[in-house]
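Q: Input sequences plus hints: build the corresponding full structure.
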Amino acid sequence: MKTTESLAIINPSNISIPIYEKLALGVIAIAFLLFSLAFFNIYPFQIYLQLLLSISFLTIGSIWYTFLLYSKTPSGIKNNGVFFKNISNRGVIGWMLGVILTGFYILLYWFPTYLEGLIHLFDPLSYSIRGKAADNWFLYGSFYTIAVLLLGFKFGFKYRHNRYQLVRTFSVCFFQLIFAYLIPAFLIKMNSPEFYFTYFWPLKKEMLFPNDLQYLASTGSLGVFMVYWTVLLALVGVPILTYFFGKRWYCSWICGCGALAETAGDAFRHLSDKSLKAWKIERYLIYSVLVFVVILTILIMGKFSLERQHFRLIFANIRQSLWFPDWLNIFWSYRHWILPNPRK
Amino acid sequence: MSIFEFILLFMNVVIIGNGISGITAARHIRKLSNASITVISEEADYFFSRTALMYIYMGHMRLQDTQPYENWFWEKNKISLLKKRVESVDFTTKKIILQDHSNINYDKLIIATGSKSNNYNCKGTELEGVRSLYHLQDLTYIDKISAGLNRAVIVGGGLIGVELAEMFHSRNIPVTFLVRETSFWGKVLPPEEANMIDRHLFEHHIDLKLKPELTEIIGEAGKVVAIKASTDEEISCGFVGITIGVSPNIDFLKFSALKTNKGILVNEFLETNIEDVYAIGDCAELENPDQDRKSIEAIWYTGRMMGEVVAQSICGTKTAYHPGIWFNSAKFFDIEYQVYGKIDPILPEGIETIYWEHKEGKKSIRINFSSVDKAVIGFNLMGIRFRHNICEQWIKERKTIDYVVKHLQEANFDPEFFKRYETEIQKLYLEKFNQ
Chain A
1 MKTTESLAII NPSNISIPIY EKLALGVIAI AFLLFSLAFF NIYPFQIYLQ
51 LLLSISFLTI GSIWYTFLLY SKTPSGIKNN GVFFKNISNR GVIGWMLGVI
101 LTGFYILLYW FPTYLEGLIH LFDPLSYSIR GKAADNWFLY GSFYTIAVLL
151 LGFKFGFKYR HNRYQLVRTF SVCFFQLIFA YLIPAFLIKM NSPEFYFTYF
201 WPLKKEMLFP NDLQYLASTG SLGVFMVYWT VLLALVGVPI LTYFFGKRWY
251 CSWICGCGAL AETAGDAFRH LSDKSLKAWK IERYLIYSVL VFVVILTILI
301 MGKFSLERQH FRLIFANIRQ SLWFPDWLNI FWSYRHWILP NPRK
Chain W
1 MSIFEFILLF MNVVIIGNGI SGITAARHIR KLSNASITVI SEEADYFFSR
51 TALMYIYMGH MRLQDTQPYE NWFWEKNKIS LLKKRVESVD FTTKKIILQD
101 HSNINYDKLI IATGSKSNNY NCKGTELEGV RSLYHLQDLT YIDKISAGLN
151 RAVIVGGGLI GVELAEMFHS RNIPVTFLVR ETSFWGKVLP PEEANMIDRH
201 LFEHHIDLKL KPELTEIIGE AGKVVAIKAS TDEEISCGFV GITIGVSPNI
251 DFLKFSALKT NKGILVNEFL ETNIEDVYAI GDCAELENPD QDRKSIEAIW
301 YTGRMMGEVV AQSICGTKTA YHPGIWFNSA KFFDIEYQVY GKIDPILPEG
351 IETIYWEHKE GKKSIRINFS SVDKAVIGFN LMGIRFRHNI CEQWIKERKT
401 IDYVVKHLQE ANFDPEFFKR YETEIQKLYL EKFNQ
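Those protein sequence lines, which keep their order, are chains A and W.
Take the first sequence: its position 127, counted from the start at 1, is 127 in the working numbering, and no numbers get skipped.
Take the second sequence: its position 88, counted from the start at 1, is 88 in the working numbering, and no numbers get skipped.
Since the hints were derived computationally from the structure, they do not count as laboratory data.
Among the hints, erroneous ones may be present.
[Unchecked claim] Heads up, simulated DSBU-like pairs for lysine-lysine below, C-alpha to C-alpha not over 35 Å straight-line:
#, chain 1, residue 1, chain 2, residue 2
1, A, K274, W, K331
2, A, K280, W, K76
3, A, K22, W, K76
4, W, K254, A, K85
A: Here it is, written out as structure tokens:
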């Protein structure tokens with residue numbers, strides 16, 4: 001098949017960067033330098049100070065840069081030159097960034113010991129919100145949340161003419177920070193099971209596995225609440241919400257994965273493959289995964305119910321807690337804060 | 001299989017032009033028949049969205065991103081594409097003569113050659129750096145000339161002019177925009193909306209000059225270096241964009257038996273005076289257009305509708321072209337524009353208008369209605385989206401302005417969480433017309 005040649009003859013992107021943008025980018029670069037020092041286990045400052053400096057530089061630099069980038073022009077769609085810029089059109093910088101990010105994931109999943117320096121950097125934060133030392137997943141969660149918040153701010157400022165995008169961006173940032181980062185951390189601090197209220201079956205298949213539910217129910221009334229939450233949301237809430245709003249209520253309002261894609265990924269969204277072939281591959285993949293998860297869950301539940309002994313145990317646990325669970329007691333005391341007051 | 005369907009199997013349809021009109025016709029003929037279909041175009045290998053050309057220059061898209069169908073689509077649907085220039089058509093022997101002197105026969109011919117840019121009449125238009133924007137080749141030319149360009153002057157305040165202004169602006173090239181009228185697109189937009197766009201152009205630092213006309217293009221060594229305006233002002237520039245409208249692209253049919261005026265004359269079935277020859281899209285001129293419609297409407301939607309209609313007729317269901325109520329949409333930098341029905345730049349006798357503008361001056365709603373029976377006849381919207389089907393239905397059913405103002409929220413098509421202004425408009429309506 002013939003292909004059409006590119007029309008790009010000259011590079012029209014503006015090469016000279018204004019001085020304040022240079023300064024703001026410099027501040028971000030210093031933050032990355034501080035992170036890489038930690039990566040090599042070099043700590044010129046005390047840990048908490050180095051962490052504070054790294055995160056502050058990153059935050060100040062990116063907020064400043066966002067303002068400089070978008071406040072000069074009237075609000076509106078800003079896509080000029082996305083296919084001309086090296087980083088956003090698979091150029092040298094884009095390619096190297098891709099390798100570095102993929103490499104980071106490989107280290108994170110299979111060789112976390114190489115990240116010890118960086119993990120160590122997040123100890124002060126981890127102790128204060130989780131009550132224990134940082135590990136590779138806390139490092140990942142922290143980086144992830146920082147990226148969503150800072151680039152979420154950039155996205156919001158870029159699309160400030162559009163109230164839908166503003167509300168939605170606030171929502172993804174909120175759910176990432178509170179439900180995917182802080183609440184699980186506090187749960188660990190309180191010795192409760194690490195639980196993500198925004199993960200649902202079949203996205204996270206273990207959430208309807210009887211052993212996992214049984215474990216949750218055995219941890220006390222909060223655990224029982226989590227069991228209810230998991231089962232009701234997965235089997236009732238998700239289908240109803242999806243019927244009325246489509247998959248967007250989750251993917252672009254709540255999900256952490258969608259949060260990163262809609263904030264950090266915004267600068268690259270034009271590179272997604274829109275061919276029919278890509279769409280077909282996606283369809284085949286998601287439906288085979290769904291079928292696999294459904295069958296697996298049914299099989300595991302079947303096996304579990306055959307072992308009646310266990311089955312009775314989980315219900316005993318739930319019944320015991322249901323008798324007068326703490327959370328219900330608390331809810332009842334404060335019901336007028338939530339439910340309408342019948343006396344009025 | 002009926003005899004007619006059997007004949008359809010062997011029918012040889014040739015379409016000249018692979019724009020929205022020609023391609024829509026080809027697709028619909030394929031849906032309805034097994035005819036052999038050939039689309040001839042010199043401009044591009046594959047159908048692309050002409051209205052998205054500007055976004056290639058601005059770096060939002062690549063050419064392949066503006067192609068609505070992937071490259072395999074044509075072979076799969078047995079639509080042959082021929083990248084050649086048509087020299088002339090021999091209607092007596094039903095033969096198309098190509099520039100390389102080869103011939104192609106046809107049983108049915110659809111001419112969908114679109115428009116060409118109008119030329120400006122003044123000294124210096126032959127210089128390098130003077131160009132319009134219509135074809136893909138124009139875009140390549142403008143892209144080449146943009147390197148190191150000190151200033152671009154655009155002549156003519158219409159949709160393509162403002163597109164060019166936005167294009168150069170995206171590459172930080174200063175733009176002077178010469179508009180002959182008292183405001184941008186004053187021949188189409190009512191003064192309030194036109195002023196809004198003027199303000200918006202100034203906000204984007206476009207050097208908009210209203211009223212002066214181009215009188216001379218000054219060149220050095222065959223290249224543009226400056227222009228002279230009717231105010232005797234000289235503006236130095238390396239590019240002059242001529243965007244004073246388009247006209248049907250039918251030069252290759254001159255001196256043939258085909259009846260033409262400005263465009264190729266067609267009846268309501270889009271048939272020309274020669275049997276088995278049809279014309280659709282920008283190049284067609286309707287002999288008897290419907291009420292409130294023009295004989296030539298060079299816009300995307302009408303081209304698409306004509307393509308669908310001609311496919312029906314060719315495949316056995318003779319169908320008349322009745323486009324219904326006028327509608328169009330565009331975007332001027334950041335301000336979206338929609339029109340439904342009849343909106344005249346100067347309010348005609350017997351028509352009243354209600355116009356609401358947001359305090360920041362970037363959104364507006366205009367509803368025109370007949371002062372006799374209060375029936376709504378048109379909507380003009382800036383920065384706010386209305387539902388096409390609702391507006392069309394209200395105009396068709398001649399709903400009164402009272403009804404429309406009361407039910408305005410049904411027409412709103414802005415995304416969720418957007419601020420709504422129905423109550424402001426209702427208040428304004430009550431104040432102005434004191435009901």
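Q: With reference to the structure, classify each hint as holding or not holding.
A: Status of the hints after comparison with the structure:
1. A:K274 with W:K331: Roughly 24 Å separates the two Cα atoms, so the pair holds.
2. A:K280 with W:K76: 17 Å, holds
3. A:K22 with W:K76: Between K22 (chain A) and K76 (chain W) the Cα gap is close to 52 Å, so the pair fails against 35 Å, i.e. violated.
4. W:K254 with A:K85: 47 Å, violated
In the structure shown, a violation is registered for the earlier hints numbered 3, 4, in ascending order.
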